[in-house]
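There are 2 protein chains.
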Amino acid sequence: MVSYHPDLDRIPVEDVLAALGNPVRLFIVRELASSAQPRTCGSLPVSVTKATATHHWRVLRESGITRERRDGRTKVVELRRAELDERFPGLLGPILDATAPRE
Amino acid sequence: MVSYHPDLDRIPVEDVLAALGNPVRLFIVRELASSAQPRTCGSLPVSVTKATATHHWRVLRESGITRERRDGRTKVVELRRAELDERFPGLLGPILDATAPRE
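Which chain is which? The protein sequence lines are A and B, in order.
So the first sequence is residues 1 to 103, counted in our numbering.
So the second sequence is residues 104 to 206, counted in our numbering.
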């Protein structure tokens, strides 16, 4: 099965923002952004059920933020960083750099 | 009645992104960003029901993006631009500048 990956030119910025506007998905994106290589989904320490994780992977992929491929029985995922930077210049850096809220 | 306005230091970036990740709310924020003066809610041409508009105003206010005050019987709203720029440097510009998707 080949997963759907949208053309980023057809994605409105609000869809990317909505996808990033969730703590689990933003955590995933930060992990991917700091990884030199694509990651297996299982290598990312998210404390949610498998069904919830699957939902988050799909939201990230369908909003154009990540690219997935199968490597045998493993799902490998990476950030579409260069494409995102071209489509939405300057968007991702400040989001990744945002500091945690004061408790 | 005084509306709740959160301290932006206590707002995580994902809450701001979730608030902006909606076409009506992003439209409102763009209108406010391009207005030299605070706007009355009624002056913004949003094609949603009053109940839906009220919901969007609340989401924007509670995520720290807008500030509201009463002026007689009118509600006046403005972007917390300087505070947002201080809390999340560089975040808002690329979002406001993002181009529409290709049809």
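Think of the hints as simulated: they come from the structure by calculation, not from any bench.
Warning: the hint list may mix true and false statements.
[Unchecked claim] Selected chain A positions facing chain B (in silico; Cβ < 7 angstroms):
1) Ala33
2) Pro94
3) Ala98
4) Pro101
Every residue, glycine too, gets a C-beta built ideally from N, C-alpha and C.
Do the numbers back the hint for Pro101(A), that is, is its least Cβ distance to chain B under 7 angstroms? 5 angstroms, holds
Pro94(A) as chain B interface residue, shortest Cβ-Cβ below 7 angstroms: Holds. Min distance 4 angstroms.
Does the nearest C-beta of chain B fall within a distance shorter than 7 angstroms of the C-beta of Ala33(A)? Violated - the Cβ of Ala33(A) stays beyond 7 angstroms from chain B, reaching only about 14 angstroms at its closest.
Using the nearest Cβ pair, does Ala98(A) come within less than 7 angstroms of chain B? At about 4 angstroms, which falls below the 7 angstroms cut-off, the nearest Cβ of chain B leaves the hint on Ala98(A) intact, so it holds.
Hint 1 alone, counting from the list given before, is not met by this structure.
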